[in-house]
Amino acid sequence: AQKVTQAQTEISVVEKEDVTLDCVYETRDTTYYLFWYKQPPSGELVFLIRRNSFDEQNEISGRYSWNFQKSTSSFNFTITASQVVDSAVYFCALSEVQRSARQLTFGSGTQLTVLP
Amino acid sequence: EAGVTQFPSHSVIEKGQTVTLRCDPISGHDNLYWYRRVMGKEIKFLLHFVKESKQDESGMPNNRFLAERTGGTYSTLKVQPAELEDSGVYFCASSQRTSTDTQYFGPGTRLTVL
Numbered sequence: 167a168q169k170v171t172q173a174q175t176e177i178s179v180v181e182k183e184d185v186t187l188d189c190v191y192e193t194r195d196t197t198y199y200l201f202w203y204k205q206p207p208s209g210e211l212v213f214l215i216r217r218n219s220f221d222e223q224n225e226i227s228g229r230y231s232w233n234f235q236k237s238t239s240s241f242n243f244t245i246t247a248s249q250v251v252d253s254a255v256y257f258c259a260l261s262e263v264q265r266s267a268r269q270l271t272f273g274s275g276t277q278l279t280v281l282p
Numbered sequence: 010e011a012g013v014t015q016f017p018s019h020s021v022i023e024k025g026q027t028v029t030l031r032c033d034p035i036s037g038h039d040n041l042y043w044y045r046r047v048m049g050k051e052i053k054f055l056l057h058f059v060k061e062s063k064q065d066e067s068g069m070p071n072n073r074f075l076a077e078r079t080g081g082t083y084s085t086l087k088v089q090p091a092e093l094e095d096s097g098v099y100f101c102a103s104s105q106r107t108s109t110d111t112q113y114f115g116p117g118t119r120l121t122v123l
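In the order they appear, the protein sequences are chains A and B.
Per my numbering, residue 167 is the first one in the first sequence, and the count goes up by one each step.
Per my numbering, residue 10 is the first one in the second sequence, and the count goes up by one each step.
Some hints could be false.
[Stated by the list, open to error] Covered stretches of chain B (in silico footprint by chain A; criterion: 3 or more residues with CB under 8 Å from a CB of chain A, positions within the stretch not fixed):
#1 49-55
#2 112-120
[What the hints assert, rightly or not] Derived EDC-like pairs: lysine to aspartate or glutamate, alpha-carbon spacing no greater than 20 Å straight-line:
#3 B:LYS53 to A:GLU192
#4 B:LYS50 to A:GLU176
#5 A:LYS204 to B:ASP110
#6 B:LYS50 to A:GLU210
#7 A:LYS169 to B:GLU51
#8 B:LYS53 to B:GLU92
#9 B:LYS50 to A:ASP188
#10 A:LYS204 to A:ASP252
#11 B:LYS50 to A:GLU192
#12 B:LYS53 to A:GLU210
#13 A:LYS169 to B:ASP65
#14 A:LYS204 to B:GLU51
[What the hints assert, rightly or not] Quick partial rundown of chain B residues pointing at chain A, CB under 8 Å, derived from the structure:
#15 TYR42
#16 ASP65
#17 PHE100
Calculated from the structure, these hints are not laboratory results.
From the three backbone atoms N, C-alpha and C, an ideal C-beta is built for every residue, glycine too.
Same shape as in the complex, but just chain A:
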C-alpha cells in the first residue's frame, strides 16, 4: 500500500536560514508521481512541484529546490534563505499511475514557521 511520511511535524527557523523538509514514501508501483503543496494561513493548497518516478534530476526554482532519491524513497524540499512569507504547512503527496483514480496520498504535513 502507498504511504507518505513527513516526520517533521513542526519546524521553526529564523529568516534567511535554509530549511529542508523531509518526505519519505512507500509504493509498490514502478511508475508514480510525487508532489509538494503549500498551505498558507489562508487555507488553500498551492501546487509547488510534480516529479515522475523516472526523472531523478534535482530541480531548482528560485529559492526552492527538490532532491528526489529513489534509492532512499525520499523527495526532500529545501528552501534557501527563508522568508516570513514561507511560513505555511507543506504537504508531500504521492500518486500511483496504476490506480485508476490517480488519487493523491498525502503526508501529514510539516508546519514551517519562519521568524523575522
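Please build the complex by placing chain B on the supplied structure of chain A, with the hints as guidance.
Just chain B now, with coordinates in the frame of chain A:
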C-alpha cells in the same frame, strides 16, 4: 483563468442536520476530486469524478455522504445527517483530461458539526 472555487468557506451545523458543499472546478477540467482533512490527520481522498461519472468512490466514509456532478461541471457533496466526526476541512481539486495531470485545489470548506 479562475481557479477551483468552493462554497461555503465555513459551515457550522448541529449534529443531525444536513449540509451541502459545492465545488466549481477549473473550466475545462474533466477530473474532479473530493478530499477531506479531519483535525490532526492526513488529507484523505474521498472520490473522483470524470465528467459526470464517479470513477472511484472508495474513500467515501459511509452512506451519509452523497456526491453528485450533474452535467459534468460543478459538484456537490451532501452530508446527511451530519455527525460530530464529520467535522474537518473538505477540499475539492480538479485536473485536465488526462488523470495523471496535476490536481489543483480549492480553498476548502471548513465544516464544524456541534
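Against the structure, the hints:
1. A stretch counts as covered by a chain when three or more of its residues have a beta carbon under 8 Å from one of that chain; for the stretch 49-55 of chain B and chain A the count is 5, and the coverage holds.
2. Counting residues of the stretch 112-120 of chain B whose beta carbon lies closer than 8 Å to any beta carbon of chain A gives 7, which reaches the threshold of three, so the coverage claim holds.
3. Between LYS53 (chain B) and GLU192 (chain A) the CA atoms are separated by roughly 16 Å; this keeps the pair inside 20 Å, and the hint holds.
4. Between LYS50 (chain B) and GLU176 (chain A) the alpha-carbon distance is near 14 Å, which keeps this suggested pair within the 20 Å criterion.
5. A hinted pair counts as satisfied when its Cα atoms are at most 20 Å apart, and LYS204 (chain A) with ASP110 (chain B) qualifies at roughly 18 Å.
6. Taking the CA atoms of LYS50 (chain B) and GLU210 (chain A), the gap is near 17 Å; set against the 20 Å cutoff, the hint holds.
7. As the CA atoms of LYS169 (chain A) and GLU51 (chain B) are separated by approximately 11 Å, the hinted pair is consistent with the 20 Å bound.
8. A C-alpha spacing of about 18 Å is found between LYS53 (chain B) and GLU92 (chain B), which places the hinted pair at or below 20 Å, so the restraint holds.
9. For the suggested pair LYS50 (chain B) and ASP188 (chain A), the alpha carbons sit about 18 Å apart, so the restraint of at most 20 Å is met.
10. Taking the CA atoms of LYS204 (chain A) and ASP252 (chain A), the gap is near 9 Å; set against the 20 Å cutoff, the hint holds.
11. Proximity of LYS50 (chain B) to GLU192 (chain A) is assessed by CA-CA distance (about 18 Å); at most 20 Å being required, the pair is judged to hold.
12. Distance hint between LYS53 (chain B) and GLU210 (chain A) is fulfilled; the C-alpha atoms sit about 15 Å from each other, no more than 20 Å.
13. The straight-line distance between the Cα atoms of LYS169 (chain A) and ASP65 (chain B) is roughly 19 Å, inside the 20 Å bound, and the hint therefore holds.
14. Restraint check for LYS204 (chain A) and GLU51 (chain B): satisfied, since their Cα atoms lie roughly 14 Å apart, inside the 20 Å limit.
15. The restraint placing TYR42 (chain B) at the interface with chain A holds, with a minimum CB-CB distance near 7 Å, inside the 8 Å limit.
16. Of the supplied interface hints, the one on ASP65 (chain B) holds, with its beta-carbon coming within about 4 Å of a beta-carbon of chain A, less than 8 Å.
17. Hint status for PHE100 (chain B) relative to chain A: holds, with the closest Cβ pair at about 6 Å, below 8 Å.
In this structure, none of the earlier numbered hints is contradicted; all agree with it.
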